[in-house]
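Chain A is fixed; fit chain B onto it per the hints.
First to last, the protein sequences are chains A and B.
Heads up, the first sequence is in this note's numbering, so the first residue is 1 and it goes up one at a time.
Heads up, the second sequence is in this note's numbering, so the first residue is 1001 and it goes up one at a time.
Worth double-checking, as some hints may not be accurate.
[What the hints assert, rightly or not] One side only, chain B facing chain A, incomplete, derived with CB under 10 Å:
#  : residue
1  : Pro1025
2  : Ala1027
3  : Ala1029
4  : Arg1031
5  : Ala1032
6  : Leu1035
7  : Thr1036
8  : Glu1038
9  : Leu1046
10 : Val1053
11 : Leu1060
12 : Val1062
Honestly, the hints are just simulated from the structure, not real lab data.
Ideal placement from N, C-alpha and C gives every residue a C-beta, glycine not left out.
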Amino acid sequence: MHTLKEILHTVAEVIVFLGAVPLVTAVLQFLLIGLQRFRHLYEDRDGAHLPRTAVLIPAWNEAPVLTASVEGLLALRYPPDRLRVVVVDDASTDPTPEVMRELARRHPGRVVHLRREHGGQGKAHTLNHGLEHVLRDDWAEAVLVMDADVVFDHDALWRMTRHLADPGVGAVTAYIKEGSGRQGNSLTRYIAYEYITAQAAARRAQNVLGVVACLAGGAQLHTRANLEALGGRFDTTTLAEDTVTTFETQLAGRRVVFDGYATVLAEEPGELTGLWKQRLRWARGNLQVTRRYKGVWFRGRTARGEGHRLGSFLFGLIWFSLLATPVLLIACSASLVLLYFTDHDRAWTLFHYLWVTNLVCYLLITLMAAVIDPRTFRRSWFEALIYPGLVATVILVVTALPGVFTPLLDRAGLLPSDGSVHPVMLAVYAWLTLSMPLAWIAKLLAGTRLRRLAPPLLHLAGYGSLLAACLVAAYVEEKRNAELTWDKTEKTGKVAAGQ
Amino acid sequence: MTNDDTGGAPRPPGPARPAPGDRTPEALARRARDLTREDRRADRRLLWWELLVLLIIAGLLVARWHWLL
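Extracted from the complex, chain A is given alone in its bound form (with noise of 0.2 Å):
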């Protein structure tokens, strides 16, 4: 019986520091960037690669930001007999046909305005549209895809078409900033310190590993071979169409490159009802993608013999990890509370090595955000630091300083020598999965009458914790084979006039 109670134990102490899997992933990232110096993507080769650029815009009533996106594109440095408009209006309703016979009028032969009639389909569709008249004639060497509310800056074509310059490469996207600034809130400043984690830190890393998850959305600049390649069409079986996207190429044994310096502004949702959406949507296409891909994970040695890394066991860590993260940490939460109710100390002990490896996790990735994009960083700090919630950051805080803290707990009778089980404390050993829950509590109370708590229950469960239980809701949605449905983000063009 002693022999049985040890080994569940162990069990529970192994378990209980898989909940620190997802971050020490992340931190191995971080560590990666430094060396991406070593993988010579910035070689002058011939001063300016300027193939010419054809860029595809999928819109589905985008009137009132058509005209800058498209006024801004042609006024990119980049030469201007080398860079066509492509506009697909996905059968908006709105007065998308007019701004673009206009535009069309004003720039003869440089902006294209083609109409879907029956639309709906979803973008990848609308793409298809674009893509099969960018294909049809020999002129576009390569094809930018982009959103049409993002905006480009001025040097982000040219230093995404350099890498072209390279035979083996295939796509190159750029990194997508959140756009909003001044204009924003503080769910906007959320994902603004979000991206530069999970775009300009982790896809520097893919660099590095020679993979790259996913050609974002809405900056991805392909060759003309590796769109041929492809069959000329993009996936439409998926809500990730881009990451199909991604993934094809490289198994097609093309290279995909991340240019941290090739920077576009996007705008991001403002409310979490719409970002909840969107991520549900990205979740679920992950998922998809997972199965989809099952044969590829973790066959390191044949994937490199066929020219990719998507198959390596870092870049397999890296993905599931992620996927994993709700399971991770409700795990982690249920040993470390069979462990308070079977052997105190031993809960204690534990809880604490697995939160000083949380807050070392938290302050390299923190540190390491505001050297790579430092203005972002300036403008995101506070939700940088409250970023895995209050409650969260305020354990950090008591785990950094043990000695300050720890006679006060025991002063407030939070660590009780008898062995009494305090709530509090149960709370907080459980708190890793308590925070899921609160988290789409705070994205259910965003569509009601008492919305004024959503940012404040945000801001105490954490935006990670909303990230997590939205993987959840993936879950359960893929499992009972919901529908998949485009939702396409609400948009209102303020990036753009905020140029």
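This is chain B only, laid out in the frame that chain A set:
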């Protein structure tokens, strides 16, 4: 509508930038050369920043171990 926010890692003051309207191949090639050099430098600097961050965290952990536990 477009912006000059290059984001990314901190970088030294860049070379004089031509007006956005200057899109002749020569001007673009010159600019591409200059900015690519800047990007390379920023990439190199990232490694040193990373090492500095690691040093700071190691220092904090040592301090915590010795004085704050």
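Structure-based check of each hint:
Residue-level restraint check for B/Pro1025 holds (minimum Cβ-Cβ distance to chain A is 6 Å; threshold 10 Å). A least Cβ separation of about 8 Å between B/Ala1027 and chain A falls short of the 10 Å threshold, and the interface hint therefore holds. With 10 Å as the threshold, the beta carbon of B/Ala1029 comes within range of chain A, its nearest partner Cβ sitting at about 4 Å, so the hint holds. The beta carbon of B/Arg1031 comes within 7 Å of a beta carbon in chain A, closer than 10 Å, and the hint placing it at the interface holds.
About 4 Å separates the beta-carbon of B/Ala1032 from the nearest beta-carbon of chain A, less than 10 Å, and the hint is met. For B/Leu1035, the suggested interface contact is upheld, since its CB lies about 6 Å from the closest CB of chain A, less than 10 Å. With a cut of 10 Å, the hint placing B/Thr1036 at the interface with chain A holds, because the nearest CB-to-CB distance is about 5 Å. At a threshold of 10 Å, the smallest CB-CB gap from B/Glu1038 to chain A is about 8 Å, leaving the interface hint in force.
Because the beta carbon of B/Leu1046 sits about 5 Å from the nearest beta carbon in chain A, less than 10 Å, this interface hint is met. Hint status for B/Val1053 relative to chain A: holds, with the closest Cβ pair at about 5 Å, below 10 Å. A least Cβ separation of about 7 Å between B/Leu1060 and chain A falls short of the 10 Å threshold, and the interface hint therefore holds. Because the smallest distance between the Cβ of B/Val1062 and any Cβ of chain A comes to about 12 Å, over 10 Å, the interface hint for this residue is violated.
Of the hints listed earlier, the one the structure fails to meet is number 12.
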